[in-house]
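Enquirer: Listed in order, the protein sequences are those of chains A and B. Every letter in the first sequence is one number past the one before it in my numbering, and letter 299, counting from 1, is 299. Just add 1000 to wherever you are in the second sequence, counting from 1, and you've got my numbering.
No wet-lab data here; the hints were simulated from the structure. Mixed in with the good hints there might be a few duds.
[What the hints assert, rightly or not] Taking lysine to any residue and the SDA-like style, the derived pairs with C-alpha atoms no more than 25 Å apart in a straight line are:
1) A:Lys-411 with A:Gln-337
2) B:Lys-1163 with A:Gln-337
3) A:Lys-109 with B:Arg-1068
4) A:Lys-109 with B:Asn-1095
[Stated by the list, open to error] Sample of chain B residues with no beta-carbon within 12 Å of chain A, all distances over it, derived:
5) Ala-1072
6) Leu-1116
7) Glu-1118
8) Asn-1120
9) Ser-1126
10) Ser-1133
11) Asp-1144
12) Arg-1171
13) Leu-1182
14) Glu-1194
15) Leu-1196
16) Gln-1206
17) Asp-1228
18) Ser-1349
19) Asp-1382
20) Ala-1401
Every residue, glycine too, gets a C-beta built ideally from N, C-alpha and C.
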Amino acid sequence: MIKRNLHIHIFIIVTLIALLFSCSTASKEEVEKTTTYNYSIKSPIDQVVTNTGILIQFESFEEEYVDQLEFIISSTYGTTVLPIEMGNKQLKINIPKEITQHAGIINWKLIAGGKTIQNGDFKLFSNVNALKTVENYLGPRSIIANNRDYTMLVSIPVDSLDNLLPDGTNVLMQHQFKGTINKETHQVTAGFTWQRINSPLTTGRLITGSTLSNISSTELVADVFPDIARPFKIYEDSNHNYADGNEIISIKTDQIKDPNGNAMSDGTIVTFFMTDNFNQRWTTTASTVNGYAFAKALHPEKPSTWTVRGVITGMVESPEIDINFKSILKEIIIQKQERNTITIGPLTSYLGQTVPDGIQVSLKLDGKEIILRTKKGIVSHTYNTKNILPGNYELKVKSLGITALKSIDLK
Amino acid sequence: MKKNKILYRIFIIAVFIFLNAGVIYGISQVIAYLNTGADSSKMLHLDVARTDYYLPDVTWVSIDNPGRPMEAANQQKIEQDYLDAWYVKNLALENNNIDGIYDHYTETARKKVNALIEYNAAQNISIQSTTLSHHITLNFYSADGTVAVLTDRQVTGVEKIYKDHVFVTQREFNEDYRIILLLEDGFWRVRHFEKLAVHQNTTIAQIAPVGIEQMQGLNYYPEKHPWDTFNDSIKEETLIADFKIIKDLNLNTIRIFIGYEDFGKAEIDDLKLNRLNTLLDQAQKADLKVMITLFDFYGDYDMNNWTLTNKHLKGIVSSVKDHPAVLSWDIKNEPDLDFKNRGKDRVLSWLSQTIKALKQLDSLHPVTIGWSSHKAALNLKDDVDFISYHYYQDLEELSNAHNALKKSTLKPIVLQEIGLPSYDGFWTLNGNDKEDQALFYKQLLETQKRDSINYLFWTLYDFDNIPQDVAGSLPWRKNKQAYFGIMDSTGIKPAYNVIKNRSSRLP
Chain A
1 MIKRNLHIHI FIIVTLIALL FSCSTASKEE VEKTTTYNYS IKSPIDQVVT
51 NTGILIQFES FEEEYVDQLE FIISSTYGTT VLPIEMGNKQ LKINIPKEIT
101 QHAGIINWKL IAGGKTIQNG DFKLFSNVNA LKTVENYLGP RSIIANNRDY
151 TMLVSIPVDS LDNLLPDGTN VLMQHQFKGT INKETHQVTA GFTWQRINSP
201 LTTGRLITGS TLSNISSTEL VADVFPDIAR PFKIYEDSNH NYADGNEIIS
251 IKTDQIKDPN GNAMSDGTIV TFFMTDNFNQ RWTTTASTVN GYAFAKALHP
301 EKPSTWTVRG VITGMVESPE IDINFKSILK EIIIQKQERN TITIGPLTSY
351 LGQTVPDGIQ VSLKLDGKEI ILRTKKGIVS HTYNTKNILP GNYELKVKSL
401 GITALKSIDL K
Chain B
1001 MKKNKILYRI FIIAVFIFLN AGVIYGISQV IAYLNTGADS SKMLHLDVAR
1051 TDYYLPDVTW VSIDNPGRPM EAANQQKIEQ DYLDAWYVKN LALENNNIDG
1101 IYDHYTETAR KKVNALIEYN AAQNISIQST TLSHHITLNF YSADGTVAVL
1151 TDRQVTGVEK IYKDHVFVTQ REFNEDYRII LLLEDGFWRV RHFEKLAVHQ
1201 NTTIAQIAPV GIEQMQGLNY YPEKHPWDTF NDSIKEETLI ADFKIIKDLN
1251 LNTIRIFIGY EDFGKAEIDD LKLNRLNTLL DQAQKADLKV MITLFDFYGD
1301 YDMNNWTLTN KHLKGIVSSV KDHPAVLSWD IKNEPDLDFK NRGKDRVLSW
1351 LSQTIKALKQ LDSLHPVTIG WSSHKAALNL KDDVDFISYH YYQDLEELSN
1401 AHNALKKSTL KPIVLQEIGL PSYDGFWTLN GNDKEDQALF YKQLLETQKR
1451 DSINYLFWTL YDFDNIPQDV AGSLPWRKNK QAYFGIMDST GIKPAYNVIK
1501 NRSSRLP
């Protein structure tokens, strides 16, 4: 109980101290002023944008509370507070060019002593008598020569202060293709106008431009590219059809065109897939020039038949052609054996001339094969009896697809 | 002597090794530092996740246009870049700093924005602003996808205008705009902006009535998880049992708290929302009404976050507003305590706009603000549907305080929090025991009956673990918070019976 009393005493002392403090900081009651403000401005009328600002005059004012006035103005790009100036016994507000240059609704509010006493809005129109340019946007910039594709021209004309022009303004939209000029007048809606330009059926460059009274756009260009190629044919072209491993064969396409007769764009890649009768496969590629593509390949060394097909990936392929290569060699001459040296040749070609240097000749003896290359039509090889036991052997010689057998004695 | 020599050797070698290790470590750090930074895989900023910073309510009215069909991905990109254009302009007008304008306005449009900002900077004018809703119609989208023309109608928002750092006025707007955007450097940049029309602000002035005649109830937290009602370890059975206790006390209302961060800020956490629905379902079964206090532990109020809090609000309100257990919305618990730190003006602005946003989402349930004392209770009295205040002062004065409020408003008044901790421990000079608490309730209920006060007392249980961010770490504060219950872990306290056997029982 005593403890509790002590607590109460402490509490009372603390309360008294607190009271003392609170008395010393007695709050000041604010005296409410009931001022009536006698201000009114002449609201600006709807007008054309200007870069010189707009002056607002007061219809009525009193000099007493001028410092309590605030003029808030809000345009498209944001809000600001304007100073109220006293000059020549006239109270006025100058709306700066930062606000008056931009078309759109402007709303304003006159505040006195924290209370709105007048507000309103007015409209700024774009200046159709002072135009700056027509901004054109064209895209896609590359289109295909067919009936489905198109490009789109968007024109945004602006006045000298970069404001959108009103709905109904006529813009002359033009495009030119291979000398043919197309003109159409379109009306501005929502600040812009647009036109869909269908693709011509021939390749080339489509040039566009727009004009509006004395102002014009820059020139914008779209390229018209050929459509998907039609199937094409391929041909072979070679000096002869002997499998000499030396001559070069050309594989050509005819002119590759789209359905509308436009040659493929230069640089279109044609891939030639080749298979021979030994089921070996390989490819070579060529890019087109004026629709034609040429690929080259080395003749094979042995008689064979190639099957060739030209493909433009993802688009089209040619029918297959077959190419036959004949052997250039009728027989393999195996010369007289001198000791253990065997000489083969001279190997002769289809005119009796020696075969080109470097032709492969395979010698197979006792299950071991060695590969030699001709020089002046001849190869020779000396068997070493340290490696192979002397005796009679069957020698198998193969070259350019021809095989010859001969019995030889190694000593 | 010899021993010393060996020691010296060991020492010198050890120092040598240590120094070398230090040098090698130093060099490796330099090399590591020089190898950080530019990483070619990050050149396109593809890995930079977009965070939530500006999420006004956007409605696409239409994307039908004569140019080209709009793809969902591009629509989203246009929306983001267009909103960013507003956001950077808002920031620029607030700070008079043109950072960010470059990315979102084309060269000519940039000049216009910059000119105004320069003008404002010269006049020392700063404008804090945010938009809150947009209704976008796509007028045109060009075939190559580089020109888009939008009309954005009923762009609502708020501006606060400061001159020489002094608040001048607040402007709420509702305006229509035309925007032409161009795709440049991967950004949709504003080429043209034009204000087309100005509308009157729409406000819902109608007052939503409180759905029950006499509110008698309590502030509810589960016993094991105070200030964390939607903790995942709380089972449905706990809620059923607790609600049965509350119903047995013949009460009809509970007040619950939804944490702003707990529910995922702008992007509402579905799991938490499910738990909220479970709680409401159980309250409905127990025939209890629920007053939902929003934005618990939110304390920023900055205008730059308004779009985020509105998104949070929409996420919660639109998903539970049709639940029959919902009685009313309490925007925030004791916001007047933030007046000092955040500024009264800033807090009130946020509360006022949040009420407006809530009214647009749900005009049926009444809205209140849980002021921390009767002195603060008349703030925004015209905005709320009923007035709520908390009372932790001398009980003798309650009647006077309440009747004074009654005289200042015609709106219903709710004593939203009142209670007494039964804590008489080391940290209190003159604490109250359980009997004092019972006496307190007896007296309270007498006053309540006489003045027919709507009340929600604090609270059902004593709590063992008070979170740090509720009462801080000071033990005399923390302990006080722990003993406000009318029940504790051992069972009921005397106050329980006082409430149960009160004469002002509900019919």
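Enquirer: For every hint, state whether the structure bears it out.
Expert: Status of the hints after comparison with the structure:
1. A:Lys-411 with A:Gln-337: holds (11 Å)
2. B:Lys-1163 with A:Gln-337: violated (116 Å)
3. A:Lys-109 with B:Arg-1068: violated (42 Å)
4. A:Lys-109 with B:Asn-1095: holds (23 Å)
5. Ala-1072: Given a closest Cβ separation of 21 Å, the condition holds.
6. Leu-1116: violated (5 Å)
7. Glu-1118: Glu-1118 (chain B) is in fact no farther than 12 Å from some Cβ atom of chain A, at 8 Å.
8. Asn-1120: Check fails; 5 Å does not lie beyond 12 Å.
9. Ser-1126: violated (10 Å)
10. Ser-1133: Per Cβ check, Ser-1133 (chain B) is outside 12 Å of chain A; nearest 18 Å; holds.
11. Asp-1144: violated (3 Å)
12. Arg-1171: violated (7 Å)
13. Leu-1182: violated (7 Å)
14. Glu-1194: violated (4 Å)
15. Leu-1196: violated (7 Å)
16. Gln-1206: holds (24 Å)
17. Asp-1228: holds (35 Å)
18. Ser-1349: holds (15 Å)
19. Asp-1382: The assertion about Asp-1382 (chain B) holds, with a minimum of 17 Å to chain A.
20. Ala-1401: holds (18 Å)
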